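K.L.:
Okay, here's what each chain looks like letter by letter:
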Amino acid sequence: KAGVTQTPRYLIKTRGQQVTLSCSPISGHRSVSWYQQTPGQGLQFLFEYFSETQRNKGNFPGRFSGRQFSNSRSEMNVSTLELGDSALYLCASSSSRDRINGYTFGSGTRLTVV
Amino acid sequence: QKEVEQDPGPLSVPEGAIVSLNCTYSNSAFQYFMWYRQYSRKGPELLMYTYSSGNKEDGRFTAQVDKSSKYISLFIRDSQPSDSATYLCAMTFKDMRFGAGTRLTVKP
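Just so you know, the protein sequences line up as chains A and B, in that order. Position one of the first sequence corresponds to residue 1 (this note's numbering), numbered consecutively onward. Position one of the second sequence corresponds to residue 115 (this note's numbering), numbered consecutively onward.
It should be emphasised that the hints constitute simulated quantities derived from the structure, not laboratory data. Note that the coordinates shown come from a computational prediction; the quantities given were computed from them, not determined experimentally. Fair warning: there could be bad hints in the mix.
[Claimed, not checked] Pairs of lysine-lysine, DSS-like flavour, derived with a Cα cap of 27 Å:
#1 B:K156 to B:K170
#2 B:K208 to A:K57
#3 B:K116 to A:K57
#4 B:K184 to B:K116
Given only the sequences and the hints, what does the whole structure look like? Please build it.
P.N.:
Below is the structure:
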């Protein structure tokens with residue numbers, strides 16, 4: 001059974017550019033969440049999608065956006081990149097609407113903004 | 115005050131030791147409690163989850179939840195060098211909130 005797949009694994013972007021990250025959840029999982037992980041702040045919740053609808057959103061500026069497609073694949077976009085956006089971006093999927101079985105995480109996309 | 119507090123360590127123990135990892139939380143609305151393990155350059159992987167106060171055991175791992183004290187623990191018995199990783203507590207309400215993670219090193 002394939003796990004959660006995130007692409008690309010590594011990205012280097014320049015300040016002011018925009019970036020799109022992709023996540024393919026485990027087959028059959030309809031809930032997808034995105035997290036930002038940094039050494040100083042740990043795992044910070046970005047947003048969650050369930051059946052193409054954004055169910056919840058964290059405290060990030062509007063430059064951070066996402067969407068989910070009918071096949072449950074998800075993308076997140078960051079516009080006007082800042083140096084502080086450098087982080088590991090993790091996608092997680094769940095088979096349960098209420099997440100009682102926990103999340104399965106991908107290996108993440110490491111974004112470096114220079 | 116953060117919703118979920120976890121001592122970041124680092125924690126270093128000899129092989130075979132019993133490890134105790136802990137988190138406290140402030141939001142009594144949290145319903146489900148989990149522990150994740152994260153190796154370097156990898157995403158977190160789910161170790162254990164529970165939704166009630168009490169103990170849950172899985173092999174060398176025991177998760178303990180005390181909702182009245184808003185306190186959760188993970189115990190690792192007979193720790194192995196392969197247990198060296200960062201351990202994150204997590205809990206859910208509207209979304210999943212994580213502790214800062216405790217970096218554990220088990221020395222041979």
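K.L.:
Hint by hint, which ones does this structure get wrong, listed from lowest number up?
P.N.:
none
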